[in-house]
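> Knowing the structure of chain P, use the given hints to seat chain H on it.
First to last, the protein sequences are chains P and H. Going by the working numbering, the first sequence opens with residue 1, and the numbers climb by one from there. Going by the working numbering, the second sequence opens with residue 1, and the numbers climb by one from there.
Since the hints were made in silico from the structure, they are not lab data. Be aware that a few hints might be false.
Keeping only pairs whose Cα atoms sit at most 25 Å apart, straight-line, the calculated DSS-like set for lysine-lysine is [as the list claims (entries may be wrong)]:
(1) LYS308/H / LYS308/P
(2) LYS139/P / LYS162/P
(3) LYS308/H / LYS55/P
(4) LYS162/H / LYS139/H
(5) LYS162/P / LYS125/P
(6) LYS308/H / LYS309/P
(7) LYS309/H / LYS309/P
(8) LYS308/P / LYS309/H
(9) LYS55/H / LYS228/H
(10) LYS308/H / LYS343/P
(11) LYS162/P / LYS186/P
(12) LYS309/P / LYS343/H
(13) LYS309/H / LYS343/P
(14) LYS55/H / LYS308/P
(15) LYS139/P / LYS173/P
(16) LYS55/H / LYS309/P
(17) LYS186/P / LYS139/P
(18) LYS343/H / LYS308/P
(19) LYS162/H / LYS125/H
(20) LYS139/P / LYS252/P
(21) LYS139/H / LYS173/H
As the structure is a computational prediction, the values presented were derived from the model and not from experiment.
Here is how the chains run, residue by residue.
Protein chains: 2
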Amino acid sequence: MAGGVGSRFWPMSTPDMPKQFIDVLGCGRTLIQLAYDRFQGICQPENFWVVTSAKYGDLVKEQLPEIPDDHILLEPCRRNTAPCIAYVSWKIKAKNPRANIVVAPSDHIVMDNREFARVVLSALKFTADSDAIVTLGMKATRPETGYGYIEADLSMACPSNKEIYRVDSFREKPSLPTAQRYLQKKNYFWNAGIFVWNVSTIVNALRVYQPKIGEIFERMLPYFYTDKEQSMIDESFPQCENISIDYAIMEKADEIYVFPASFGWSDLGTWGSLHENMHRDAYDNLSVGPNIRLIDSRNCVVHALQEKKVVVQGLDGYLVAENNDMLLVCRLSEEQRIGEFTKED
Amino acid sequence: MAGGVGSRFWPMSTPDMPKQFIDVLGCGRTLIQLAYDRFQGICQPENFWVVTSAKYGDLVKEQLPEIPDDHILLEPCRRNTAPCIAYVSWKIKAKNPRANIVVAPSDHIVMDNREFARVVLSALKFTADSDAIVTLGMKATRPETGYGYIEADLSMACPSNKEIYRVDSFREKPSLPTAQRYLQKKNYFWNAGIFVWNVSTIVNALRVYQPKIGEIFERMLPYFYTDKEQSMIDESFPQCENISIDYAIMEKADEIYVFPASFGWSDLGTWGSLHENMHRDAYDNLSVGPNIRLIDSRNCVVHALQEKKVVVQGLDGYLVAENNDMLLVCRLSEEQRIGEFTKED
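Excised from the complex, chain P in its bound form (with noise of 0.2 Å):
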């Protein structure tokens, strides 16, 4: 999934240029290469898709030029999760009814990419022989109110597969004190948005949930792998609910799993999440860019990788960010204010 806007890093991520296209780390790689990356030794080039918005189909083109073009889903505008998934679910399985499915978002940071293939080719083994929807549930290390919780039933393991437990409930972006509560518990996880499925269960859960947007796709089935495919997506796609998969799947299904895991994940939602996984200096500075120095500072994110030189003196909790002749200097506290900061007058 590639169509997010990335509104709230910029003037890193800008609606031209939103964060998964970008070298976010400073590494080289961009946060869809990297999503890419972790999935080798997972998956082929030629079974990879992206479904992103249709502004952005070349910038995927440029990034993953390993992946077929025509796996490459153009929306024609942002309908959230639900029908994303199930456009390239019911075209996937048009092709391949045995398909066995991993989805994920691609700007998201993922440190520890072994421990990621482990849990995704245990999970994958699972759902290839059962109708389960398997979420990856990302053990909590602190009470982040930025994520949606998923609470597990500990007591329950799969017989077949004892790292997945069934799933309780599907729990909204938690306030402080329920987030404290939530980390004590420890059968609370964060959500990560990564689902493992086969197609199969994924079509049906639409079918059964959201007839609406399955009728839709249904409809298309004549159309893919065609010349009219472009055009009539852009036609109907419109049509679907603008509902995103936990709320369209998640928290009506019944036979929903989660799969416990620790790989160092992170949604990179905001500013302060990269400052909380990337190294830190002494001064708990994170710096990203080819030149930048931190004279009298703290608790700061700079974030330069095109500027030449950056010099940052007597900063405390702030973030400096520039990107493609655009600068933003705030408060990290104050990060959530960045659209309205943004917004023309």
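Positioned in the frame of chain P, the structure of chain H alone reads:
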């Protein structure tokens, strides 16, 4: 005089493009162009001379195409103001022994060009008929410790120009208590480094007080206006003592005069002086650039001429300056450390 390197204005000003060649005020004209404009009605284009470093010769030609190419004198190395003034003075005298001259830095600002023209024309009239060395003394408006001061004898106005007074002494940059005393005394003026004299006066003064420099340019006489001038200058100029005109002449000569004036002058020596001299918003912020937004911020200077969009939030008393893919954020109170900040480790 256009040979300065403007290191205190990093990153706007760099050794490759110092501040006299930059549109510091964001008005569409660089400081040297504004200095040129300031002399409209005082001096014909063919009577301008620019002394600069060899590396800036092309910049001067580009920015001041009106000036004859051979009036751009190129110093092979930096030797402060005395050798710079000596070079151009000997050269002008060789062509026109009766020339009447204003020497001015190219990187200062003047807010009231009309009053500037009145003062300069009045001083020129005075030096046309006398051997006086005239300095322009800026009426102090604050106890500035960053400028040298001129102590005038206000009891002795010149008979031929009642605005011009004898100088009692030149004073170096004072401490704050001393500057406060100067401000109260009314006969202390800021030394703006702007001088008016006829060419014989300054050449004679240099011969008397700086005989070694005098000899060097005396020996240059046969080569001025020939193909050999540059190579001879490249050889002999470095032999000049590195000395300012203030030390070389002003503090030694007897017949020094001051013309107290008030035309909104600043030497723009520091970001703070830009802050003081430019129009600020209701929160005492100065922004120079096409699209700068300040939120919850006070007493800041934001200078980003090339950035398409800048957002600054939550800063008080900071400088944010971006230029040519270089970025500086620092406390304005620490700006004297800019040189240290930018030094490579």
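> Please go over all the hints and tell whether each is borne out by the structure.
Taking the hints in turn, this is what the structure says about them:
1. LYS308/H / LYS308/P: holds (18 Å)
2. LYS139/P / LYS162/P: holds (16 Å)
3. LYS308/H / LYS55/P: Given pair LYS308/H, LYS55/P holds - Cα atoms ~22 Å apart, limit 25 Å.
4. LYS162/H / LYS139/H: Holds. LYS162/H to LYS139/H sits at ~16 Å (cutoff 25 Å).
5. LYS162/P / LYS125/P: At roughly 13 Å apart (the allowed maximum being 25 Å), LYS125/P and LYS162/P satisfy the hint.
6. LYS308/H / LYS309/P: holds (18 Å)
7. LYS309/H / LYS309/P: The hint holds at about 19 Å.
8. LYS308/P / LYS309/H: With Cα atoms ~18 Å apart, LYS308/P and LYS309/H stay inside 25 Å; holds.
9. LYS55/H / LYS228/H: Given pair LYS55/H, LYS228/H holds - Cα atoms ~19 Å apart, limit 25 Å.
10. LYS308/H / LYS343/P: With a Cα-Cα distance of about 14 Å, the restraint between LYS308/H and LYS343/P holds, given a limit of 25 Å.
11. LYS162/P / LYS186/P: holds (17 Å)
12. LYS309/P / LYS343/H: With Cα atoms ~11 Å apart, LYS309/P and LYS343/H stay inside 25 Å; holds.
13. LYS309/H / LYS343/P: Distance of about 11 Å is within 25 Å: holds.
14. LYS55/H / LYS308/P: holds (22 Å)
15. LYS139/P / LYS173/P: holds (15 Å)
16. LYS55/H / LYS309/P: This hinted pair holds, its Cα atoms lying about 23 Å apart.
17. LYS186/P / LYS139/P: Distance of about 8 Å is within 25 Å: holds.
18. LYS343/H / LYS308/P: holds (14 Å)
19. LYS162/H / LYS125/H: holds (13 Å)
20. LYS139/P / LYS252/P: Judged against 25 Å, a Cα distance of about 23 Å means the pair holds.
21. LYS139/H / LYS173/H: holds (15 Å)
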